Amino acid sequence: MATLGPSGFSPYPVAVYEGILNPPPGKALMFNEIVDEEVAMREAAKAMLTRPNPTIFPGPQVLYAWNEEAKEKARLVKKMAEVLGAKIIPMYDYRPKYPKINPAVEINPNHPNLTIWHNKIKACIFVGVHCHYANVALKIIRAETDCFTIAMCGMAGHEDAMITLRDQHVEEMEKFIKIAEEVKKELGK
Amino acid sequence: MKRSRVNIRMPALGGQGAVTAAHIIATAADYEGYYAVSNPFFGAEKRMAPAESYARIGMTPIYDRGEVVYPDVIMVFHPQVITMGKSYTMPFYSGIKRRGLIIINTEEDLLTEEDKEFLESLEVKVLNFPATKFAIDIAGTELSTNMAMIGALFGAIGVVSVEAIEEGIKSRFLKKFVASGGTASLDSALERKFKKKLELIEKNLNTAKAAYELAQRWAQEQGLEPFLPPPPKKVAV
Amino acid sequence: MQTATDTVIYNRAGQRVVSPDYLLFEAPRTKHFMTGSEAVKEAVKRASVDASVSYPITPQSEAAHLIGELWVEGYVGVYFRGESEFGVMSEIAGCALAGARTITTTSGPGTLRAFENFPMWAGTRIPVQLVLMARGVNSPLSIQPDNLEVGFLLDTGCMIWYAENAQDLFDMILAGFVVAEQPDVHVPVITVVDGFFVSHTREAIMLPPDDIALPPYNPYRAPMPVIDAEVPPGRFLRDPFVMKSNYISYATHASWQWEVRSAIERSRPYAKHYLRGLIEEFGDPTAELVFVACGTAAAQAKEAVRLLEEEEGIKARVVKLKTIRPFPIEELRQAVKGARYIFVPEFNVVGWLEREVRRYLYGVSDAEVIGGPRVAGGMTMPAEVIVKEVLKLTGKEVKHVL
Amino acid sequence: MSFKIYEINEELLDVMPQEIRDLQFKATWGNPKRGVMDLPYSKELIEEHSLCAGCPESMALRYILASLPNPEDTIIVNSTGCTSLVFPHIALHTVHSLFGNQNAVASGIKRVLEWRFPDKVKDVVVLAGDGATVDIGLDCTLQSFFRQEKITTICFDNEVYANTGGQESGLTVKGHVFKMAPKGKQWDKVPFWQIAIDSGCHYVARLTVSSPKRVETVIKKAIYVAREVGPTYVHLYTPCILEIGLNSDDGLDEMRQRDKERFAFFEYMTPQAEEVINRKKEEGLL
Numbered sequence: 031m032a033t034l035g036p037s038g039f040s041p042y043p044v045a046v047y048e049g050i051l052n053p054p055p056g057k058a059l060m061f062n063e064i065v066d067e068e069v070a071m072r073e074a075a076k077a078m079l080t081r082p083n084p085t086i087f088p089g090p091q092v093l094y095a096w097n098e099e100a101k102e103k104a105r106l107v108k109k110m111a112e113v114l115g116a117k118i119i120p121m122y123d124y125r126p127k128y129p130k131i132n133p134a135v136e137i138n139p140n141h142p143n144l145t146i147w148h149n150k151i152k153a154c155i156f157v158g159v160h161c162h163y164a165n166v167a168l169k170i171i172r173a174e175t176d177c178f179t180i181a182m183c184g185m186a187g188h189e190d191a192m193i194t195l196r197d198q199h200v201e202e203m204e205k206f207i208k209i210a211e212e213v214k215k216e217l218g219k
Numbered sequence: 430m431k432r433s434r435v436n437i438r439m440p441a442l443g444g445q446g447a448v449t450a451a452h453i454i455a456t457a458a459d460y461e462g463y464y465a466v467s468n469p470f471f472g473a474e475k476r477m478a479p480a481e482s483y484a485r486i487g488m489t490p491i492y493d494r495g496e497v498v499y500p501d502v503i504m505v506f507h508p509q510v511i512t513m514g515k516s517y518t519m520p521f522y523s524g525i526k527r528r529g530l531i532i533i534n535t536e537e538d539l540l541t542e543e544d545k546e547f548l549e550s551l552e553v554k555v556l557n558f559p560a561t562k563f564a565i566d567i568a569g570t571e572l573s574t575n576m577a578m579i580g581a582l583f584g585a586i587g588v589v590s591v592e593a594i595e596e597g598i599k600s601r602f603l604k605k606f607v608a609s610g611g612t613a614s615l616d617s618a619l620e621r622k623f624k625k626k627l628e629l630i631e632k633n634l635n636t637a638k639a640a641y642e643l644a645q646r647w648a649q650e651q652g653l654e655p656f657l658p659p660p661p662k663k664v665a666v
Numbered sequence: 003m004q005t006a007t008d009t010v011i012y013n014r015a016g017q018r019v020v021s022p023d024y025l026l027f028e029a030p031r032t033k034h035f036m037t038g039s040e041a042v043k044e045a046v047k048r049a050s051v052d053a054s055v056s057y058p059i060t061p062q063s064e065a066a067h068l069i070g071e072l073w074v075e076g077y078v079g080v081y082f083r084g085e086s087e088f089g090v091m092s093e094i095a096g097c098a099l100a101g102a103r104t105i106t107t108t109s110g111p112g113t114l115r116a117f118e119n120f121p122m123w124a125g126t127r128i129p130v131q132l133v134l135m136a137r138g139v140n141s142p143l144s145i146q147p148d149n150l151e152v153g154f155l156l157d158t159g160c161m162i163w164y165a166e167n168a169q170d171l172f173d174m175i176l177a178g179f180v181v182a183e184q185p186d187v188h189v190p191v192i193t194v195v196d197g198f199f200v201s202h203t204r205e206a207i208m209l210p211p212d213d214i215a216l217p218p219y220n221p222y223r224a225p226m227p228v229i230d231a232e233v234p235p236g237r238f239l240r241d242p243f244v245m246k247s248n249y250i251s252y253a254t255h256a257s258w259q260w261e262v263r264s265a266i267e268r269s270r271p272y273a274k275h276y277l278r279g280l281i282e283e284f285g286d287p288t289a290e291l292v293f294v295a296c297g298t299a300a301a302q303a304k305e306a307v308r309l310l311e312e313e314e315g316i317k318a319r320v321v322k323l324k325t326i327r328p329f330p331i332e333e334l335r336q337a338v339k340g341a342r343y344i345f346v347p348e349f350n351v352v353g354w355l356e357r358e359v360r361r362y363l364y365g366v367s368d369a370e371v372i373g374g375p376r377v378a379g380g381m382t383m384p385a386e387v388i389v390k391e392v393l394k395l396t397g398k399e400v401k402h403v404l
Numbered sequence: 003m004s005f006k007i008y009e010i011n012e013e014l015l016d017v018m019p020q021e022i023r024d025l026q027f028k029a030t031w032g033n034p035k036r037g038v039m040d041l042p043y044s045k046e047l048i049e050e051h052s053l054c055a056g057c058p059e060s061m062a063l064r065y066i067l068a069s070l071p072n073p074e075d076t077i078i079v080n081s082t083g084c085t086s087l088v089f090p091h092i093a094l095h096t097v098h099s100l101f102g103n104q105n106a107v108a109s110g111i112k113r114v115l116e117w118r119f120p121d122k123v124k125d126v127v128v129l130a131g132d133g134a135t136v137d138i139g140l141d142c143t144l145q146s147f148f149r150q151e152k153i154t155t156i157c158f159d160n161e162v163y164a165n166t167g168g169q170e171s172g173l174t175v176k177g178h179v180f181k182m183a184p185k186g187k188q189w190d191k192v193p194f195w196q197i198a199i200d201s202g203c204h205y206v207a208r209l210t211v212s213s214p215k216r217v218e219t220v221i222k223k224a225i226y227v228a229r230e231v232g233p234t235y236v237h238l239y240t241p242c243i244l245e246i247g248l249n250s251d252d253g254l255d256e257m258r259q260r261d262k263e264r265f266a267f268f269e270y271m272t273p274q275a276e277e278v279i280n281r282k283k284e285e286g287l288l
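Protein sequences, first through last, are from chains A, B, C and D.
All residue numbers for the first sequence refer to this note's numbering, where the first residue is 31 and numbers rise by one.
All residue numbers for the second sequence refer to this note's numbering, where the first residue is 430 and numbers rise by one.
All residue numbers for the third sequence refer to this note's numbering, where the first residue is 3 and numbers rise by one.
All residue numbers for the fourth sequence refer to this note's numbering, where the first residue is 3 and numbers rise by one.
Chain A with its partners taken away, still in its complex shape:
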């Protein structure tokens, strides 16, 4: 069953009400601290490599082949999962699903906690999810689970994640994979 996160049962208080804002361009956010992107990437990789059942949640922007960047990012998501030894569970659309989801194979922004609880996921990466849905989901996860959340955002980031990487595109994802490989080696995995 659920272990409550830092915010308790309700999605309130949310991070911005605790004074946490998205990092400025070129920087990353780690909990409530603005740090260099590389520092955050190392910590993110470490969390994924050391916590139980790490999982990547790719969203529609990388799942579908709607443009060249998406195709390239999909390839990198796959590679990232290999390096991190992580599972991939897709957030393929955003509807409130009826009558129920299958938490073993899918995640939904309206009740992401179900998938996290079911699979006992203790670290995850959101990538390619539209910002609003990432934020809705991350608030619920922050409130209702003890999962370490990492957001790889193509825009300004998500302060409700524990680590936020902003403006993440192909180049940055490649950089993260490289750092993850290094961390993995350092950890002797």
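The hints are simulated quantities; they were obtained by calculation from the structure and are not laboratory data.
Keep in mind the model is a prediction, meaning the values are calculated, not measured.
Glycine is no exception: its CB is placed at the ideal position from the N, C-alpha and C atoms.
Treat the hints loosely; a few may be bogus.
Quick partial rundown of chain D residues pointing at chain A, CB under 7 Å, derived from the structure [claimed, not checked]:
#, residue
1, K6
2, N11
3, E13
4, L14
5, D24
6, P90
7, L244
8, L248
Listed next, the in silico BS3-like pairs over lysine-lysine satisfying Cα-Cα at most 27 Å (straight line) [stated by the list, open to error]:
#, chain 1, residue 1, chain 2, residue 2
9, C, K33, B, K662
10, A, K101, D, K122
11, A, K127, D, K28
12, A, K117, D, K6
13, A, K101, D, K187
14, C, K317, B, K431
15, B, K599, C, K394
16, B, K431, C, K390
17, B, K599, B, K431
18, B, K626, B, K599
19, A, K150, A, K108
20, D, K181, A, K130
21, A, K57, C, K274
22, B, K526, C, K394
23, D, K262, D, K215
24, C, K317, B, K626
25, A, K101, D, K45
26, C, K317, B, K526
27, D, K28, A, K101
Label-pair distances were calculated between CB atoms; the ranges are [as the list claims (entries may be wrong)]:
#, chain 1, residue 1, chain 2, residue 2, range
28, A, D66, C, S21, 54 to 64 Å
29, C, E290, A, E48, 31 to 41 Å
30, A, P55, C, D212, 22 to 32 Å
Assemble chains B, C and D onto chain A, guided by the hints.
Quick look at chains B, C and D alone, frame taken from chain A:
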């Protein structure tokens, strides 16, 4: 006490062009180098109903807006403002400041002894000026009443030149101007009447100029000082 | 700096696209003399606006007419008159959902008729801009300035900015699009002015050239998929009924609402930059007498500060709030340090700004907060009246008012 | 064509559930000749529905979605009501906004899509219940007709407010007892198909959904005409079996009975609409 601001209240009747007058007054003052703001007080006023507009001219940036409750100058555009009480205030000069000025468009003296006594106690000067008659005589239409009133104002308070008035009038009639629906149709009536815009401007200007000269002479006779120091020569920010 | 290899980009109207910073802060400006309604047109003309829908109501109608002229001139893509404010705000929502930069205007009863749309706009995360020219909403009918309606709008999930004059309004409209469209903000912005006092007042305003404009809106940076069948997921309902059809959907709804409010909070750094601060201070910074106000009330308070200084020898100052949502909490707390008396002059009978000020100063400031002076129904608030209120407090007689 | 938004990146194909893979490989995209006859053989654009078992609205939705000539570039706007519970499960870009503003929202979407994509066909379809179309949304519905918006409006007429628990609506028949009409409805059913004609619609049809093929033809005609000429209106009887006390398997029978009386098939078209329809027939698309 030197003034640093002249607040003008213009009680008029709907259709007389008091809003246009406020606009031209403020534009001319702005051109002259003062700070200026104009605004109407709009209700659902129709023709011949009471209507008021306001202009403020000053030496420093003007924040104040809305109805001028404490005017330095009151310009009565129509005798009915006084004779029929078509005014938002009662009497029409309530709130007038010490050493203020009242210009009334009238051919006869409309003030009672009581009015005069009160105004004299505040050293307020009154100029009875037949603006409509002036407009008909010079421009050939009573629609130029507002131009005569503008000329009289600046002639009397002595702060804005004829050249600046000309700029104000041109900016009103040559540039694309936003008016309410009613004013827009009045504009086209004016244009039909005068055929050409330039002709309109010239006639308006002549009316204003003649009124300016008359009021200037009157102010000299009365020993009126200019209402404001020379313009602060505002520089573009 | 532009080099020879940089490509110059033009928008659909043929204007050169420049950065928001250039348009707002760097481009040379020239003086014009115009009304607040005309300032709206000038702002929209430089904002690469895609769509606008209008409906007549005094005093915003002129601004709406002028946006129509811009459509005829090719500066605005889509424009028509809707059936009512409820219809207009829904049509505008449709335009925004389909990926357009949109603007509309309304006033008083129109705002209330449209009301159901505002929380919907915020919930569906569209960066619509509503220019609100506040007017009375009570029965009996009034068309005059009275900003009671703003008190109703405070918690709709829209950003609320308050402009003091035509210049503020022009700059705020441009900044409004820029801030509202940030991907992590992306909620509607309501730019408020007091009707007539700004819409129909003519004053000098500094404008950048009209052959440059904001970069066009990019709907693919929005936090939700745009409704154009060009972006995944292909299966996408905006906005679903989350109250049934699945379990624990209540938490979804709660989270969604917090997200909308978070979005407003995220606008702070952007607004601070593009508005040059969320507040503006006027007068002697050491004065113990402070007016906290927005819009025309701030303008009138500035005049009162002058009168108090010149005629009574009393030092006073004004803290003008440029944003109401987000509320400039920290800025206000800093600004009123050292204050003994805080007056909150307002153009409504309920004193919604006073409530806000008290809420955020509670336990933080020792100053006495005085909710007033207050006028309503379209009344003017002469600076002399404000002075009178202050003098009452200090036990002084009023000399200059007859 | 926007079919690419349904195409899954190859690397991630293995993590996607069957229903999503089917949408890419087994749905009928890019084929204007698609229709209800594909239903048994193709992936439907509706995944599941959250309506009552046997609800005729679910049949109507399946037939309509199977008949859209251009689903990959079709936007559907709906309104609050039973159908808004189904919309999350439709594999298209759809909008639920408020109760009653659907035609206004659709007007905005259609005009902006025409402005943003002048070289593409983007169909906008409104689909709402009788309360949304004729009662609370009447103003927005009619005004979109007056303005000649190029959208197709489909009304699911179940003659009652069903989602809120069975209240009388403007389309309830006279005398029928529902909540808020405890003495029976006091006035006649609003003949909205006729009002649609008088308000400027170029193609209007009234029918039940008892015949899938007929639904297909009507929907295609309505969309083709809206695309080129102006507003079109389709009035469908989709009885609320729950509120009129029928069993789950009685819906079809109820519609067949009404086919003979107040929902007898009725069709209207303007000469411009007829020209479009004839041309589409010649092209083999109808």
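We went through each hint and held it up to the structure:
1. K6: holds, 5 Å
2. N11: holds, 3 Å
3. E13: Holds, because the Cβ-Cβ distance from E13/D to chain A comes to roughly 4 Å (cut-off 7 Å).
4. L14: holds, 5 Å
5. D24: With Cβ-Cβ at 12 Å, over 7 Å, it is violated.
6. P90: Status holds, d = 4 Å.
7. L244: At 18 Å from the nearest chain A Cβ, L244/D fails the 7 Å test, so the hint is violated.
8. L248: violated, 23 Å
9. K33/C to K662/B: holds, 14 Å
10. K101/A to K122/D: holds, 24 Å
11. K127/A to K28/D: holds, 21 Å
12. K117/A to K6/D: With Cα atoms ~26 Å apart, K117/A and K6/D stay inside 27 Å; holds.
13. K101/A to K187/D: violated, 59 Å
14. K317/C to K431/B: Answer holds: K317/C to K431/B is near 21 Å, not above 27 Å.
15. K599/B to K394/C: violated, 47 Å
16. K431/B to K390/C: OK: K431/B and K390/C at ~22 Å, within 27 Å.
17. K599/B to K431/B: violated, 32 Å
18. K626/B to K599/B: Within the cut-off at roughly 10 Å; holds.
19. K150/A to K108/A: Since the Cα atoms of K150/A and K108/A sit roughly 21 Å apart, the hinted pair holds (cutoff 27 Å).
20. K181/D to K130/A: violated, 32 Å
21. K57/A to K274/C: holds, 20 Å
22. K526/B to K394/C: Roughly 22 Å between the alpha carbons, so the hint for K526/B and K394/C holds.
23. K262/D to K215/D: Cα-Cα ~18 Å, so holds.
24. K317/C to K626/B: Distance ~51 Å between K317/C and K626/B Cα, so the pair is violated.
25. K101/A to K45/D: holds, 25 Å
26. K317/C to K526/B: holds, 24 Å
27. K28/D to K101/A: Answer holds: K28/D to K101/A is near 22 Å, not above 27 Å.
28. D66/A to S21/C: 54 to 64 Å: Given range 54 to 64 Å: violated, Cβ gap about 26 Å.
29. E290/C to E48/A: 31 to 41 Å: With Cβ atoms ~34 Å apart, the hint holds.
30. P55/A to D212/C: 22 to 32 Å: holds, 31 Å
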